[in-house]
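S.K.: Generate the whole structure from the sequences, applying the supplied hints.
Going down the list, the protein sequences come from chains A and B. Mapped onto the numbering used here, the consecutive letters of the first sequence carry residue numbers 73 to 422. Mapped onto the numbering used here, the consecutive letters of the second sequence carry residue numbers 13 to 363.
Incorrect hints may appear among the rest.
So these bits of chain B aren't anywhere near chain A, every CB distance computed over 12 Å [what the hints assert, rightly or not]: (1) 25; (2) 69; (3) 73; (4) 286; (5) 331.
Straight-line C-alpha distance at most 25 Å; calculated DMTMM-like pairs for lysine to aspartate or glutamate [claimed, not checked]: (6) A:114 <-> A:154; (7) A:380 <-> B:92; (8) B:331 <-> B:115; (9) B:344 <-> B:71; (10) A:380 <-> B:71; (11) B:331 <-> B:71.
Hints listed in this document are in silico derivations from the structure and should not be mistaken for laboratory results. Glycine included, every Cβ here is placed at the ideal spot set by N, Cα and C.
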Amino acid sequence: MALPDRIDPRPPRRIYRWDLDKTYLQTEFDTFAQLVRTALQKASEKQAVPGAAALIRELRAQGDTRLCIISGSPTQMRNVLEAKLKLDGVEWDELVLKDNVRNLLRGRFRALRGQVGYKLPVLLESRIHAPVEAEEVLFGDDAEADAFIYSLYADLIAGRVDEAVLGQVLEAAQVYPDDRARIVSAWRAVPRADPVRRIFIHLDRLTPPAYFARYGSRVVPVFNYFQAALVLLADGHLNPGQVARVAVEMVQTAGHNLLTLSNSFQDLVRRGLPIQAVAAPLLQALEGALQGPGAVLQAFRPLPDIVKAFTRRVAALGGTPPPPEPRAIDYLSVLDDARPRTHRARKRSS
Amino acid sequence: MRRSRPMPPRATTIAFDVMGSDHGPAEVVRGAAALSLEAPHIHALLVGDGHQIDQILAETRHSGERISVYHAPDFVGMHEKPSEALGRTPNASIVVATRLVADGEADAVVTAGNTGAGVLACARTFQLIPGVRRAALASVYPTRTWHGAKQDPFSLILDVGATVDATADDLVVFAVMGSAYARIISKNPHPSVALLSNGTEATKGPPRVVEAHARLAQHPGVRFVGNVEGVDIPKGTADVICCDGFVGNVCLKMLEGVAETVVELANYAYHSALRWKIGLAMLSNGLKQLKDVTDWQQYGGAPVLGFDRLFIKAHGRSKARAIANAGKVAAKAVTSDLAHAIREGLSLAGS
Chain A
73 MALPDRIDPR PPRRIYRWDL DKTYLQTEFD TFAQLVRTAL QKASEKQAVP GAAALIRELR
133 AQGDTRLCII SGSPTQMRNV LEAKLKLDGV EWDELVLKDN VRNLLRGRFR ALRGQVGYKL
193 PVLLESRIHA PVEAEEVLFG DDAEADAFIY SLYADLIAGR VDEAVLGQVL EAAQVYPDDR
253 ARIVSAWRAV PRADPVRRIF IHLDRLTPPA YFARYGSRVV PVFNYFQAAL VLLADGHLNP
313 GQVARVAVEM VQTAGHNLLT LSNSFQDLVR RGLPIQAVAA PLLQALEGAL QGPGAVLQAF
373 RPLPDIVKAF TRRVAALGGT PPPPEPRAID YLSVLDDARP RTHRARKRSS
Chain B
13 MRRSRPMPPR ATTIAFDVMG SDHGPAEVVR GAAALSLEAP HIHALLVGDG HQIDQILAET
73 RHSGERISVY HAPDFVGMHE KPSEALGRTP NASIVVATRL VADGEADAVV TAGNTGAGVL
133 ACARTFQLIP GVRRAALASV YPTRTWHGAK QDPFSLILDV GATVDATADD LVVFAVMGSA
193 YARIISKNPH PSVALLSNGT EATKGPPRVV EAHARLAQHP GVRFVGNVEG VDIPKGTADV
253 ICCDGFVGNV CLKMLEGVAE TVVELANYAY HSALRWKIGL AMLSNGLKQL KDVTDWQQYG
313 GAPVLGFDRL FIKAHGRSKA RAIANAGKVA AKAVTSDLAH AIREGLSLAG S
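M.R.: Okay, here's the thing in structure tokens:
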């Protein structure tokens, strides 16, 4: 029997798209000094957001997944960023960085800070080659325009946004003509599907969660990655043991404790996210893990305290708030979010 | 040589009675939200109408990791009679908040609501520290001298209403409790303590004050400086001033009334003559500094002392900043184990 020329990997069932700065990495570049410090940091000096690396590892462990990282960091940082991801045990399939030197040399100064003209075409082009049935979960932060761009991407490929609205968005975001053409061309080539299940926004700047209500229930602002893991458990992307491992990493590396975790849990319940059903299996997983020899979950002992903390947080609410209603996004009314943060701040102050 | 890092402060949970303040739930929730951003070791447990709290919280910058909510829709209004209101609403937010503290779910209570209801809820839920017969409601008052390492421009007056008919024993206990509080909160290692009377001589005042004077003069755990008169309160002659609740309440209300009258007179003068207007305008910078220094909002609240758990009463008109500061005061008293400091003080000289 002849062997095939090559064995292609199985097509991904799920695609996870991550931003890097302020989503995966704890980065500060709001001032020039911070920018320089960030650029000069070694891989070992860079800090991941607590729980982010564990969450990615657990999502990857499910198999048939694809990890695509799209970052606004310059291409010159590729080596150090790759080294950091390897240090954290994160395996990726795509790592796209921004060629800002090219933008600079071509005098495209708006593109240096612009997010829409950079991320949207990369997302669409990446989707062209993905299986139509592959689900997507996206991770961004509240520092720039991630909620806007990810939502627009999801609605574009689902056919919920037409070309006229897209044109107005690109106009408002001051996207350069060649990038506009690239976006429209990629959009036309993407098979129509509705694969984006969740968009997690890491609240690096602690933007009030209500701000993101405009993007509907698909966008879930999270204070930490334990919250994201809980939602992904409810959505069937993780099992309870994997969520427990994310929590443990947060306890061990960032000083999280039973209070912060149970508060995080209650915060999601109060926002109407359907995670109450996962509390019991999660606690069972913790119990099982605690009984195992040399279990890493020792950090959580004693178990009755864990159970009490979580169940009391739910009981304290008296009733369950209704889940947030899905709503169509009026992109023209949130155009301001598409502009770079500096432009928005200037506009508000004027 | 390896330098050891300072230990992070112990995590404390402060239960905030969200309902019942003059401004409704918004300012209390915002204050707790601000606290969740400023002080990572303090967790806020917001007790009140869950729906209202969630709505305000969702639109306020906060850390969801350091805030939780306990639903208690009933509350005691500012002008309700405490005993009747608590009988009618046994699950009022202030009662639930004190119960959560008694059950160990939180370490202290902060409220900007009905003072009487708060004190009554404490009396029904908390235990008095052994040696304490009656609790004392303390208050801070701006003075012209600064107190302690923190240079607080306030002195502590107790009792201002919890125990109307204090005995000599009670006054001695108040002195010990006030002294412990000033040591911890104002970072004043040896606070001066005085009795409020109608003269500075040891023999002045009613028998209970005279007796308390004699005992405090011998007390090894209190730096007793003798009697002070009403005029000494704004002068800041002592760091802690003790009196019974009746006298304290009358004094405090009078001092507040005088302050309000001065402001009204200045207002009147400002509008009545141009030269007054110019004069006050020239003084405005200094007046603003004076206002900043003596701004009660920076102090947050005052404690009810004598219970095994801490209760901080913030002003009914407290805005978010005052609420956040009240939370900080509560957390500081908890981490410094104020109850233990009071117990120690009471054990000295068998007071």
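S.K.: Run every hint past the structure and note whether it holds.
M.R.: Evaluation of the provided hints:
Residue 25 (chain B), annotated as away from the interface, has a beta carbon of chain A within 12 Å; the closest lies near 7 Å. With a closest Cβ-Cβ approach of about 8 Å to chain A, residue 69 (chain B) is found to fall inside the 12 Å limit, against its non-interface label. Distance to chain A contradicts residue 73 (chain B) as a non-interface residue, since its nearest Cβ pair spans about 5 Å, not more than 12 Å. Every CB of chain A is more than 12 Å from the CB of residue 286 (chain B) (nearest about 37 Å), matching its label as outside the interface.
Remark: the non-interface label on residue 331 (chain B) is consistent with the geometry, its nearest Cβ contact in chain A lying 19 Å away (cut-off 12 Å). Restraint check for residue 114 (chain A) and residue 154 (chain A): the C-alpha separation of about 11 Å stays at or below 25 Å, so the hint holds. Among the hinted pairs, residue 380 (chain A) with residue 92 (chain B) is inconsistent with the structure: their alpha-carbon atoms are about 36 Å apart, more than 25 Å. Taking the CA atoms of residue 331 (chain B) and residue 115 (chain B), the gap is near 28 Å; set against the 25 Å cutoff, the hint is violated.
Restraint check for residue 344 (chain B) and residue 71 (chain B): not satisfied, since their Cα atoms lie roughly 28 Å apart, outside the 25 Å limit. For a cut-off of 25 Å, the pair hint linking residue 380 (chain A) to residue 71 (chain B) is broken: about 29 Å separates their Cα positions. This hinted pair checks out: residue 331 (chain B) and residue 71 (chain B) have alpha carbons roughly 17 Å apart, not beyond 25 Å.
Comparing the model with each earlier hint shows violations of hints 1, 2, 3, 7, 8, 9, 10; every other hint is respected.
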